[in-house]
Amino acid sequence: MVKDNQKILAIDDMPTNLALLGLALQDDYQIQIATSGAKGLELASDDPPDLILLDIMMPDMDGYETCRRLKLDPRLRDIPVVFVTAMNDAEAETEGFALGAADYLTKPLNIEIARLRIRNLLERERLRRELQRREADLRLAASVFAHTHDSVVITDAENRIIDVNNAFCRMTGYAKEEVLGKNPSVLKSGRQSAEFYENMWCSLLGSGYWNGELWNRRKSGEVYAALTSISVVRDEQGRVHHYIGLSADITPLKNHELDLERIAHFDPLTGIPNRVLLADRLNQALAHTRRANNTMAVCYLDLDGFKPINDQFGHDIGDQLLIEISQRIKDCLRAGDTVARIGGDEFVLLLLDFNAAHECQAVLQRMLDRVAESASIGGHCVSVSASLGYTLFPADPADTETLLRHADQAMYSAKQGGKNRYHLFDREQDRLSTVRGGNLARIGSALRNGELVLYFQPKVNMRSGRILGAEALIRWRHPERGLLVPAAFLPDIEGSDLAIAVGNWVLRQALAHAAGWQAAGLKIPLSVNVAPRHLLDADFVATLQTGFAQYPQLAPNCLELEILETAALEDIGRVTGVMRECQKLGVSFALDDFGTGYSSLTYLKALPAETLKIDQSFIRDILADPDDLAIVTGIINLSAAFKRQVVAEGVESAAHGSLLLELGCDNAQGYGIARPMPAEQLPAWISAWLPHREWRQGSGQRTLPLRMG
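Quick note on numbering: the working numbering labels position 225 of the sequence shown as 225, and the sequence is numbered without any gaps.
None of these hints come from the bench; they were simulated from the model.
Heads up, some of the hints might be wrong.
[Unchecked claim] Distance windows between CB atoms, simulated:
| # | residue 1 | residue 2 | range |
| --- | --- | --- | --- |
| 1 | R448 | T546 | 18 to 24 Å |
| 2 | R477 | Q583 | 32 to 38 Å |
| 3 | E213 | Q583 | 31 to 37 Å |
| 4 | G343 | E680 | 38 to 44 Å |
| 5 | T576 | I244 | 37 to 43 Å |
[What the hints assert, rightly or not] In the EDC-like style, the derived pairs of lysine to aspartate or glutamate whose C-alpha atoms are separated by at most 16 Å in a straight line are:
| # | residue 1 | residue 2 |
| --- | --- | --- |
| 6 | K188 | E198 |
| 7 | K643 | E610 |
| 8 | K71 | D50 |
| 9 | K330 | D369 |
| 10 | K7 | D47 |
| 11 | K419 | D302 |
| 12 | K584 | E560 |
Glycine included, C-beta positions come from ideal geometry on N, C-alpha and C.
Using the sequences and the hints, build the whole thing.
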């Protein structure tokens, strides 16, 4: 068996001289024979051996010359050379050692002594090479340690710092001499609890490794975030020898996350929660109220007389008044309560932990009195009052969206009752809406009698003029009332089985129109609004598959489904599942009326919609209302951050479009582009469409009508 696969090259013009030695060595090493110095050099160069046995007296090139040439080759010069010769005079031996020989064996050989000396030489050579490798590894490790951009800390078994690199000094502000011998806890910021560090050490000592985020403090006192990994290094007996910690400064990333969170969850003007954070707080409040078995109030507050102040004194004064009112409302709240701004002068309040209705009324009256106090702003004495509607949960056992709607309805009752007052939602009065039952029957009849029809509103890229598609919008050709828009009848069927039937009709009609246009050479992607009840119907995906099967020439990506962002909150898990099933068919999704709901950023991340549609209520006033402009800007930035397409609804003029283009929103629909039109008018409109002059790019050449995506 070859020991460590080591190889010996024997160079002798009469190899029989080494026959006995070769026999003694062949069981432990590979033996290679060369019968001349030149051949030996060739073999050594091709595959360097671990040791060379070299005869001195050889024709053409003797052993000395062969050795000299070996030592001139950088690859071969460190190989031990053992001269084997019958010459035993001191002069010959001196010349051999002068050439770099490692040893000298004199013939006749004592085989056992020769074998032991060769073994010792090979062992020294192995150790030398191992030492070289370790030195190379150490040089590499030292270079990485010194030059890496990540902070490196090495501590001993007692967690005392024994070394740090330059990146550590740059990151922390400490010089190496200032931290040697100290515990890394000198960097603690106090932001993380003792329990956090206990869990960290439990994981570190249990698995030998920990990674996570630490909030540390620099020498200057500045707190910074570090993405850190710590490893345990143990000795041969398994005892802790030292610890190695690597850290990267991620403070800019954390600050960016905080900025995004602030934009997404807090009103930029007043600093109080916005509608997104409100949704999360409302869900938490409902859960808390159920556990505590008490009462909470969902309140909708709208300022009375705010618009005249805005018009008379300007938006700056109006903004300062909103900030003041927000602070006054906050001052009236208790721990655990929430106030959120959801519109220009509209607020929602969540008041928790009431045992009786009169307790809530006392808080509301105190709040109305406080809001109504005059304020001195910008040298002007201004005052407003508030109308407040509220509903009590669980006496009103509705879902989050319905509770907000009930509070909103009660707020309008407060305004109608004279303003500067509160009004409790009357569930009994709400039940008077049984008139809705008659409306349901009439709409069902309209569906059966062919009174429903689809109109189409184009969606375009304002910058390029490209036609993106069209949104299918339902209309009712009412025999007595004329052409009715969706708002006049769809709310009556919301949540009913009829909503599913109407929704399926819309899908079938949209696919039929798309197929007809495609057959005529015009491929138009269509968008269809889907009601929450329809989307969550058990047969929705199957119905969609059946529709596509009826028109096999249509690609599924010709269809986009639009859903309200608020609708997804009622059962986000099921909604997400249905969306993914539809996307497997090639269908895409858009979140409609984005910005008007109460979904949190977490839900936005979870919903796999490709497009956000900015609600027209924000677009309409962006030219004059800085609040709406800020909201629209935030939504555009959010869509970019989440890599979503964005479409602006309600573009009513060229000026609206120009401002949106400046903000980075190219895609739009609205009366400033085209009103919804009957199906037969759409192809002609597409052929004639030209974007507004100020929207056009380049030479202003018209975009070809059929260039759609």
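Now the hints, each set against the structure:
1. For R448 and T546, the Cβ-Cβ distance of about 20 Å falls inside the hinted range of 18 to 24 Å, so the restraint holds.
2. Checked against the given bound of 32 to 38 Å, the beta carbons of R477 and Q583, roughly 34 Å apart, stay inside it.
3. Distance hint check: the CB atoms of E213 and Q583 are about 33 Å apart, consistent with the given range 31 to 37 Å.
4. Our hint of 38 to 44 Å for G343 and E680 holds, since their Cβ atoms are close to 39 Å apart.
5. Range check, T576 to I244: Cβ separation about 42 Å, and the 37 to 43 Å hint holds.
6. For the hint pairing K188 with E198, the CA-to-CA distance comes to about 14 Å; that is within 16 Å, so the pair holds.
7. Taking the CA atoms of K643 and E610, the gap is about 8 Å. The hint holds against a cut of 16 Å.
8. Proposed proximity of K71 and D50 is supported: the alpha carbons are some 14 Å apart, at most 16 Å.
9. The hinted pair formed by K330 and D369 meets the criterion: a straight-line CA distance of about 14 Å does not exceed 16 Å.
10. With a CA separation close to 10 Å, the supplied pair K7 and D47 stays within the 16 Å bound.
11. Between the alpha carbons of K419 and D302 the distance comes to roughly 10 Å, so the proposed pair stays at or under 16 Å and holds.
12. Pair hint K584 plus E560 holds up; C-alpha atoms about 13 Å apart against a cutoff of 16 Å.
This entry satisfies every hint, going by the numbered hints stated previously.
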